[in-house]
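Trainee: Sequence:
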Amino acid sequence: MPKQKGQRSSSLLTENLTGTALQTAQHNVDLSWNPDASTVQGYYVYRGNQTGGPYSRVSTLLSATSYIDASVTAGQTYYYVVTALGSGSLESGYSNETMAVVS
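My numbering applies: residue 6 is where the sequence shown begins, and numbers increase by one.
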């Protein structure tokens, strides 16, 4: 009997699904810095792929003087700077640059 519109076929299709789980290592870069001597609202962390920048902000406003960057990839080199957000919401210039090689 031909299938009518809106009816389903009674035969079942079987698909074979296979997969392989890959364990990936989590890499982090732990950063810390000395607090600014003046009153600050917090700090921003910036990261670049080459020395001297350009840099992109990778953190939200931090009250702590440390940051863990968990979005790094093995085999890459990253360059970091920090800024302080002072009174009047004025952001400082970049700190000195530090380099991290993720292996």
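Rather than coming from a laboratory, the hints here were simulated on the basis of the structure. Please note: incorrect hints may appear among the correct ones.
Here are the in silico distance ranges between beta carbons for each label pair [stated by the list, open to error]:
| hint | residue 1 | residue 2 | range |
| --- | --- | --- | --- |
| 1 | Ala79 | Gly58 | 19 to 27 Å |
| 2 | Asn54 | Leu18 | 42 to 50 Å |
| 3 | Ile73 | Gly98 | 52 to 60 Å |
| 4 | Thr82 | Thr44 | 29 to 37 Å |
| 5 | Thr78 | Ala42 | 17 to 25 Å |
| 6 | Thr56 | Leu18 | 21 to 29 Å |
| 7 | Thr65 | Gly93 | 16 to 24 Å |
| 8 | Ser92 | Gln31 | 21 to 29 Å |
| 9 | Val107 | Leu67 | 30 to 38 Å |
| 10 | Ala42 | Ser108 | 21 to 29 Å |
| 11 | Gly80 | Thr44 | 37 to 45 Å |
| 12 | Leu18 | Thr103 | 21 to 29 Å |
| 13 | Gly57 | Ser92 | 24 to 32 Å |
For glycine and all other residues, C-beta sits at the position ideal for the given N, C-alpha and C.
Trainee: Against the earlier hints, flag every one the structure doesn't satisfy and list their numbers going up.
Mentor: 3, 5, 6, 8, 9, 10 and 12
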